[in-house]
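With the hints in hand, could you dock these two chains into one complex?
If you read the sequences in order, they're chains V and A.
As numbered in my numbering, residues 1 to 461 make up the first sequence, in order.
As numbered in my numbering, residues 1001 to 1383 make up the second sequence, in order.
It should be emphasised that the hints constitute simulated quantities derived from the structure, not laboratory data.
This structure is a prediction, so every number in the text was calculated from the model and none was measured.
Worth double-checking, as some hints may not be accurate.
Computed footprint of chain A on chain V, listed as stretches where at least three residues anywhere in the stretch have a Cβ under 8 Å from a Cβ of chain A [what the hints assert, rightly or not]:
#: 1; segment: 79 to 88
#: 2; segment: 262 to 272
#: 3; segment: 330 to 342
Here are a few chain V residues that sit away from chain A, every Cβ distance over 10 Å (derived from the structure) [stated by the list, open to error]:
#: 4; residue: Val-55
#: 5; residue: Ile-71
#: 6; residue: Thr-140
#: 7; residue: Phe-207
#: 8; residue: Tyr-318
#: 9; residue: Gly-319
#: 10; residue: Glu-323
#: 11; residue: Met-326
#: 12; residue: Phe-434
Idealized CB from N, CA, C, for every residue including glycine.
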Amino acid sequence: MEHDEQQPSKAVDTEYEVIEPGHSYRSVTDHISAIVLTRKTPKTWLIGFGVSFMVLSLLLMSLGGLLVKGIGLWGVNQPVGWGFDIINFVWWIGIGHAGTLISAILLLLRQDWRTSINRFAEAMTLFAVACAGIYPVFHTGRPWLAYWLFPYPNTMGTWPQVLSPLVWDVFAVSTYATVSALFWYVGMIPDLATLRDRARAKGAKIFYGMLAMGWRGSARHWARYETASLLLAGLATPLVISVHTVVSFDFAVGIIPGWHATIFPPYFVAGAIFAGFAMVLTLSIPLRVFYKLEDFITNRHLDNMAKVMLATGLIVGYGYMMETFMAWYSGNPYESFLMKNRFSGPYMWFYWALITCNVLAPQILWWRRFRRNVTMLFVVSIIVSIGMWLERFIIIPVSLHRDFLPSSWGMYWPTSWDWMTFIGTLGLFASLMFIFLRLLPMISIFEMRTIVPPAEGRSKE
Amino acid sequence: MTAERLSGMRNKALIAGAAALAVTAAGMAANPDQFWRSYLLGFLYWAGVPVGCLALLMLHHLVGGGWGIVIRRTLEAGTRTLPLVAVLILPVLMNIPRLYLWAQPDKVAHDELLKHKAPYLNTPFFLGRTAFYFAVWMALAWLLNKYSDGQEKSQSDGTWKPKLQLVSGLGLLLYGLTATFASVDWVMSLDPHWFSTIYGVMFMVGGALTAMSFVIVVMSRLVRSEPMAALMKPNHFHDLGNLMFAFVMLWAYVSFSQYLIIWSGNLPEEIPWYLHRFHGAWGYVAVALLLFHFALPFVLLLLRTIKRKAQVLAAVAIGMLIMRLVDMAWVVTPSFHGEHISLHWMDVTAPVGIGGLWVAFFLTQLSRRTLEPVEAHLLEGGH
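Next up, chain A with everything else stripped away, as it sits in the complex (with noise of 0.2 Å):
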């Protein structure tokens, strides 16, 4: 049922993303730059779902938890969808110089800020570092899954869980510098110009708060049948509704912090960024942020009713992931054409497209292995 179930999904995933590249594609020819922007939009969106995988399952490992043993299986999926993820990054790598101001040379030749920051800015480092993040964040995954398979095969804890956590330890802190450095690439860079020190954490919250919504969406759809459906029961929706419930908080805390900061500070170095991002359209937007990103979230997950419901959770969940989506348009999108908005459509069908061969692929490794947690036997008979 569940196998049928899956690849339902997937042959849906899968026609809603090809038709949505297709699209996108058609635009690249008559608009090539928007078409670059808006998929590196999309690819963004979509890496920070495994990465995210990635951080919350070695979190797991290492303070353990009904709620992540449950979800073990989805995380451990979505830490194996890196190997598309390294691929959908390769056509940004080709068109750098289209993306990236620092990666022109005419353009750094007039800029002595960007001359001062070439030796980190520099189209070879910058492909030495992409492919470093990759091999670490491919390697922990790889691990991880072979561990756990390991752990599943021997039934015995023994042996097993302690390579878990070591490996955990020492992948979060690795986790922590190259998804740190990512954000400063992939992103920060776009602004050549501009800095901020949070910049990392902001990103790594995020992607939290993005998987964590994700998660709990196929969570919602998973225990329609077995064998989730007799063992997830409403608490531990509970505490994955309190995860996500922790990450918004810490993505508004993040992101108020910084801005306090800047604004109070007012630098002509630093605020271009808050100015491009207030102005006219996009200061709208920004007080949709704070509306449906922070204060509508925080308030429905207040409520003990809407996190022990699985599919109202679900609802919240995908309201989330919309608003994820939005943030990162925000952030990114205005370091292209500074204050005047201009949202192209393929801003919207470029992430589905991506999105949409992402979920096809996550589905593949999920209905992969079986979904019966590994350590199913330590849950207790929940509330």
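In isolation and in its complexed conformation, chain V is listed as follows (with noise of 0.2 Å):
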């Protein structure tokens, strides 16, 4: 599966770079700047930004109309009182995970071909974030008392519950928030000066100046800066696990049947990085072509990135089959109605979708040939992020709907403000990913020239 003898092995080479031939420093700074500074916007920009901006309407008018009626509205209720709204709060905090894994994990491993692509995968992992506080944020039926959620001195005399998962969700996740921003503005701050620096409009130069802080690019500012980098890469790191692991803990920390699994935490993460990379892929594949990023972007990072997607996908269906076999080996006669009502019960096309998009799908990513083929590659993003969404409604809606009392079971279908919401969520998503890749540089300008090679870098200039 990984030979290919028909391929000479001056072709592997030149394909496994991580950069292209012939670029310098300078190719590299025009290039990704001027989609910023010099090209005039696309219509193909305009036309996605104004799909993605009448989609995220559709999220604000499903956010007002629960504001006015409040969540009687969604399909929440007895049996099944976490629906959409956990769902794709859980969908979107792992869909993050791979942007943190990206610039904090793998920079501290010193792997190369993360330069280009941790630059939006970071803004991806904000925007997910975003995206995905929203939904516990207007599950609280208040969101104006939100703040109630963090410990503080007050008159009620109210204290948040610390045994409870659901607030080490609050502190969880607005760490992650924070890091994985500041990580994000901190790492763009000399990129911002080059365009400062380069741009010819006025308005330009001021939005960019302010945003660089000063930056002159001295000695002394680049040795803090590799400092603060190093430092928030080790902080961000543990947040790669933590965060899916406390997400895991809201459900394991409970006895219902299908959540009180011990593999939940790994199992969590794993999957969280799974449709991260997928995530990942679906944004770099059209983004790469529509630029004309594929020298910067190379079939290197495919590769790369289909790697991880098949071994965290692996360690996913490690967990389906782990919590299979404790079913029946528990003894525990719950468990194991559980597990066939997965297999066979009314929701049963769900779980087998989620095993064909989850488990079957990516091993055709064991053979070179796929990986390389940009076209299956998307299409196989698409069915794991498809996959992850099932998971979690497999494991949410269809562990409660029918626990230890027969005659308190009942369905779970979600309303169309469900899916409004829902939908319009994936709108927030696309308006913010448009309007960062129009204002900011997608690609880490300064660290893409760290990997030109020296001899071209220079003949050139």
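Take a look at the structure:
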């Protein structure tokens, strides 16, 4: 599967570069900064942003309706008290993890292939966390009182229940959002200064000038910068693990069959990275075509991301297997009923679709031929995103709808308001992404310059 | 020089092992039940090393890196000890009813849960599964060693590297499955009523940590003479120390996850496992694990100065190896005695005896081939 004898070794080598040959320092800077500064706003961008913005208004409508009427508009009720709100919260939070993994862990592991994808993967993290945060805050029913979730001295004599993983979530997610935003912004400062220096329009000069915070590129600036990014990477690394671990505790700490499983923490983390890399692929494959970035986001990047996806997908599959085996081995009738209910209950199609999307489909990534087939990769990445959404559906409503007492069983179906909110967050995510692509350098200019081969870099200066 | 050194170490290991085994055998006459329990403890501890070596070797073939090149010979020698491990499990397999409750028909007859599990927990299937695990591990070890030889002889990566990667990719998948079910069979089923879905991960991480610590100790001895003295630089030990650090953290992560989830659920079918292991003196062992299996190595391995000095890092690794045995004893022994701590002197002599034999065999395997790494030319000049 790994071998490919027909390919002459030379071809393999060039295809496995992190930057295509022939680039100099100048061409890298020109290419990336031009997207923001000199090129005219492409028509496709306007159409894409327009459509995303319209979809975003769906979110505003659905949340507006929610504030007027209350969460009775959603499909959640007894016995299924957690539905689309938590499914989509976990789905979006999971997607964010690839950004942090790429920017923090791969930086510490000295993986040079992260360079061209880290900037927009981090942006993706931030936007995904923004989408995720909407759900629990609005699920409280009174989002204007969301600050009650924080422990602060108050006259009401209330204090959050520190034994509840939902409170741990508040801290995990808000720390995650803060550190990710800092990491992203600090990493961008040298590039913002480049844009400030290259901008011709006065407005752009002021805009990037303020964002660049007086960066002059002196040796002292760089030394401080290096220290800061290493420290932030060190801070962000445990977050890759901790955030989704705490999310898994939301379920595993309870005793609902299907939730109370010790494998949940590592299996949730692997699932988050799996979903995150799928989303990075979904975004980077069209991006590199539209903005002609194939030289920077090369086949090697796609190949490596596909491998990460395959590995994490196998871990997720291991989680499914252990859950199924232990449901039988434990001899617990509720656990084994839950499994039977997943396999052949009213939501069985969701379960089998999940297995197809998350376990079967990624197996084609064992073959290099498919990892190099961009269309195929794009399709698999979308299938995995759907699969990871289905996984949260299986874990949340399917575990809740038939628990211990058959007299209190019931079904869960999302309402049109649920769908509007979910599709609306897709619009929010896409709108933020389009604004990011238009205003900020989507690839780290100065880091790309460090991987230009030195001889070539100088010869063309 | 290295050859002499290795054979000197081998003789010492052999003598220590034989002496400890002789003492333990004397104990067998007095207390056969305890002998087999202690033997199982020793076996489980040492079986983790070659299986962990196998996993680390496959991981290295997939992700590359200088850390793997310098320890590749050691890992390969570790995997070649698997036949000895297969021999070492035979006495356990001959005493299944003595060790495992589910193999005692009178107990099973009055226990609904054990009857439910009988299709899985029965002697013939248990033997078959154990044979299968060893078949898979030895086949992987054989292929990896064979291809590695091929790579060395041909002096080119063209044909051998893809083969090594293919075997490693599929091999890690098979390893994940076999190591998980081996831990369920050999250890978890000692408490046949209890279950935990993260158990296999805990054993895989624990085995990798034991193997990594063992490899660091071996490398700290090999680096005293050629060829490793010239090849291994402080940055290689730094990387190995970082890996050990990662496994310490992973061990703490999975152990804490299992504890928190079972503690908060507090279900009668799950919590006894922890009640037994926190009761009385076992509670102090649990605290010792927290302090010396996690907190202390965590702090020490954060320090660059420790990771870059081979001999200092090796001292941390030796401490880790001892704590791994304590952890294994904390997991295994209460299954036999419930909450009463009853560590027997054979719980020390049996692991030492089996370890002496295993280490001697390992050193023989290590001295059979050159220590010069296969891909030594890929190593950069270190700092």
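Quick rundown of the hints versus the structure:
1. Requiring three or more residues with a Cβ within less than 8 Å of a Cβ of chain A, the coverage given for the segment 79 to 88 of chain V is violated, as only 0 such residues are present.
2. As drawn, the segment 262 to 272 of chain V meets chain A at 5 residues by the rule of a beta-carbon pair under 8 Å; at three or more, the given contact holds.
3. Coverage of the segment 330 to 342 of chain V by chain A holds. Counting CB-CB distances below 8 Å, 3 residues qualify, and the rule asks for three or more.
4. Consistency note on Val-55/V: stated as away from chain A, and its beta-carbon is indeed over 10 Å from all of that chain's, at 38 Å minimum.
5. For Ile-71/V, the shortest C-beta to C-beta distance to chain A comes to about 27 Å, beyond the 10 Å cut-off, and the non-interface label holds.
6. No Cβ of chain A approaches the Cβ of Thr-140/V within 10 Å, the least distance being about 23 Å, so the stated non-interface status holds.
7. With a least CB separation of 41 Å from chain A, Phe-207/V remains clear of the 10 Å interface cut-off, as annotated.
8. Interface exclusion of Tyr-318/V from chain A breaks down, the closest Cβ pair being 6 Å apart, not more than 10 Å.
9. Not every Cβ of chain A is farther than 10 Å from the Cβ of Gly-319/V; the closest lies at roughly 8 Å, contradicting the non-interface assignment.
10. For Glu-323/V, the shortest C-beta to C-beta distance to chain A comes to about 6 Å, within the 10 Å cut-off, and the non-interface label is violated.
11. Separation of Met-326/V from chain A is inadequate, the least Cβ-Cβ distance of about 5 Å not exceeding the 10 Å criterion.
12. For Phe-434/V, the requirement that its beta carbon stay farther than 10 Å from each beta carbon of chain A is met, with the minimum near 35 Å.
Hint compliance for this structure: hints 1, 8, 9, 10 and 11 are not met, and every other hint is.
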